[in-house]
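**Q** Kindly produce the complete structure, drawing on both the sequences and the hints.
2 protein chains.
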Amino acid sequence: MSETVIKFGILGCADIARKKAAKFAADHGFPPGTQAYGSYDAVLDHLEVDAVYLPLPTSLHAKWAVLATQKKKHLILEKPVAVDVAEFDKIVEACVASSTARMKEFISDGRAFGKLRAMHTCFTFAADPVFLENDIRVKPDLDALGALGDAGWYCIWAILWGSDYELPRTMTTSRGPLFNKAGVILSCGASLDWEDGRVATFHCSFLSHLTMDITAVGMKGTLHVQDFIIPFQESEASFSVASESGFDGKPAEHLFSTSLPQEAMMVKEFSSLVGAIKAKGSHPEMRWPIISRKTQLVIDAVKLSIERRFEPVEILG
Amino acid sequence: MSETVIKFGILGCADIARKKAAKFAADHGFPPGTQAYGSYDAVLDHLEVDAVYLPLPTSLHAKWAVLATQKKKHLILEKPVAVDVAEFDKIVEACVASSTARMKEFISDGRAFGKLRAMHTCFTFAADPVFLENDIRVKPDLDALGALGDAGWYCIWAILWGSDYELPRTMTTSRGPLFNKAGVILSCGASLDWEDGRVATFHCSFLSHLTMDITAVGMKGTLHVQDFIIPFQESEASFSVASESGFDGKPAEHLFSTSLPQEAMMVKEFSSLVGAIKAKGSHPEMRWPIISRKTQLVIDAVKLSIERRFEPVEILG
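Chains as they are written, first to last, in this note's numbering: chain A, 115 to 431; chain R, 115 to 431.
FYI, nobody ran anything at the bench for these hints, they're computed from the structure.
Hints are not guaranteed to be accurate.
It does not matter which identical chain is meant; a pair holds if it fits inside one copy or across any two.
[What the hints assert, rightly or not] In silico DSBU-like links for lysine-lysine, alpha-carbon gap of 30 Å or less:
(1) K334 x K295
(2) K417 x K295
(3) K121 x K186
(4) K364 x K121
(5) K295 x K253
(6) K229 x K253
(7) K364 x K218
(8) K186 x K295
**A** This is how it looks when you write it as structure tokens:
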């Protein structure tokens with residue numbers, strides 16, 4: 115971790131912002147009494163602020179992200195994203211970096227896993243009536259993508275992660291998506307296919323019990339994860355793998371300990387990136403905006419396929 | 115279990131037949147030296163034979179099943195099935211009856227699981243080169259349904275099981291099925307949807323590592339099974355359930371012991387059915403041909419959707 119001090123500005127009042135700032139401050143021995151400002155502009159105008167976190171509704175991202183960028187601030191956006199959001203994806207991956215790296219190692223192992231043939235990902239949670247009535251994620255003028263943007267985004271990201279970020283050839287939204295009265299997606303799924311015969315499906319919903327699955331099936335091995343969004347245990351991530359096993363081969367479970375709670379790890383990883391840029395003049399990584407844009411392309415295709423009555427949509431990078 | 119003696123005739127020479135006969139004979143203390151006949155007709159003509167097991171290629175099912183029925187024999191057919199095959203489905207369910215009943219109890223529990231919203235099933239195994247070249251399951255004139263009939267059949271059956279055998283409204287085969295040179299399906303998947311917003315997907319393949327998943331997501335609970343075809347441990351079946359749990363709620367694993375190896379259980383269950391008919395004049399259950407026909411309807415729809423270039427197919431019971 116870089117030892118350069120990074121000053122964060124937070125625009126917004128979502129729960130996650132307060133939680134993250136407090137947790138990070140506590141974990142890293144920051145002085146209490148973080149400065150509060152009366153307006154977002156005041157934060158952006160503060161010369162000592164290095165990085166800005168925007169826990170705002172998606173529809174407000176563009177305005178404040180552009181302003182923050184103009185003020186030369188590093189930027190963390192909440193997903194779903196629709197503009198240049200280099201850092202956000204980095205954070206998503208960083209939050210589960212230790213087990214993600216081990217999983218990637220397994221599915222990249224030609225002998226243990228072989229060529230990837232099929233993936234299925236699922237992220238659902240049962241939103242309560244208050245959420246379904248009032249949350250910004252179900253308001254067409256705020257987060258019009260609904261469950262697709264909020265939960266499906268992770269499903270698509272995980273599928274692309276498994277495919278080394280190679281875009282599928284076509285994407286077809288499955289019949290039976292559910293919408294609220296305002297037309298915001300509450301539940302949907304899709305199937306994707308690649309030139310080489312790889313296939314994938316995902317399902318996301320605000321209307322079902324918490325489920326956070328990745329299943330990746332290779333020619334020689336299988337990977338199962340049941341908590342890919344947030345590990346069931348804060349300081350432990352787990353997945354199970356099976357390799358060249360038969361009907362008597364119960365998959366082995368792998369547990370990975372992380373030294374910090376994941377929210378702290380997210381911020382630590384981001385600080386480290388910003389620190390490197392600030393202290394050493396490194397250039398921001400271009401890998402993350404590319405991955406983020408690909409996820410967004412698939413999101414767009416899911417919407418387009420719905421508009422076209424579930425016709426397949428070609429994905430052109 | 116009925117104590118009526120049931121005499122089995124076996125037509126065919128598949129591995130499973132020899133294994134099952136030997137296992138059953140051993141488990142039940144049958145005298146060694148089971149009678150062998152020079153022709154299938156001779157078995158069917160034997161008046162003392164109560165039941166006939168036909169481990170034959172699908173294309174030969176119709177002929178020998180009809181002949182056996184004409185000779186008043188009870189019948190076990192291997193799937194995939196295309197004619198009246200009441201007993202076979204019973205066996206498929208019976209083989210995992212004890213844990214299946216517990217799983218069904220969970221997903222039928224309105225408080226613990228709630229309404230079913232989404233299912234995903236997957237059955238894949240990596241066939242070896244000899245299988246892919248020579249097995250009857252990849253020959254268009256024998257088992258033209260390939261992986262769909264052999265592996266997909268279980269996936270579809272499991273989805274219908276989860277839906278209380280209510281047929282979906284439409285079925286759309288996913289793009290990217292794989293075929294051998296003779297046009298037999300080696301890998302495919304599909305998505306299904308019901309009137310009430312329930313959805314399901316499945317994937318089956320001869321080209322991927324052994325994977326045998328059921329995921330059922332209800333409004334209040336989630337069920338995961340990773341060995342729904344054949345339990346990893348012969349005398350133990352397991353599944354995990356989560357109910358109204360949050361991000362800190364690791365699913366509980368449930369283990370069920372079975373008193374007999376599952377192949378013996380299959381035959382025991384079938385014997386019990388036949389015994390009841392023979393000893394008490396019970397009528398064969400009509401539930402199983404109905405379920406079997408529904409599975410076959412979905413299989414037909416998968417094929418039709420492929421022929422129609424992945425258009426959705428309406429399922430009309």
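**Q** All the hints need checking, so say for each whether the structure fits it.
**A** Comparing the hints with the structure gives:
no., hint, verdict
1, K334 x K295, "between (46 Å within a copy, 23 Å between copies)"
2, K417 x K295, "within (17 Å within a copy, 36 Å between copies)"
3, K121 x K186, "within (13 Å within a copy, 85 Å between copies)"
4, K364 x K121, "neither (48 Å within a copy, 36 Å between copies)"
5, K295 x K253, "within (10 Å within a copy, 51 Å between copies)"
6, K229 x K253, "between (41 Å within a copy, 25 Å between copies)"
7, K364 x K218, "both (21 Å within a copy, 23 Å between copies)"
8, K186 x K295, "neither (40 Å within a copy, 59 Å between copies)"
Hint compliance for this structure: hints 4 and 8 are not met, and every other hint is.
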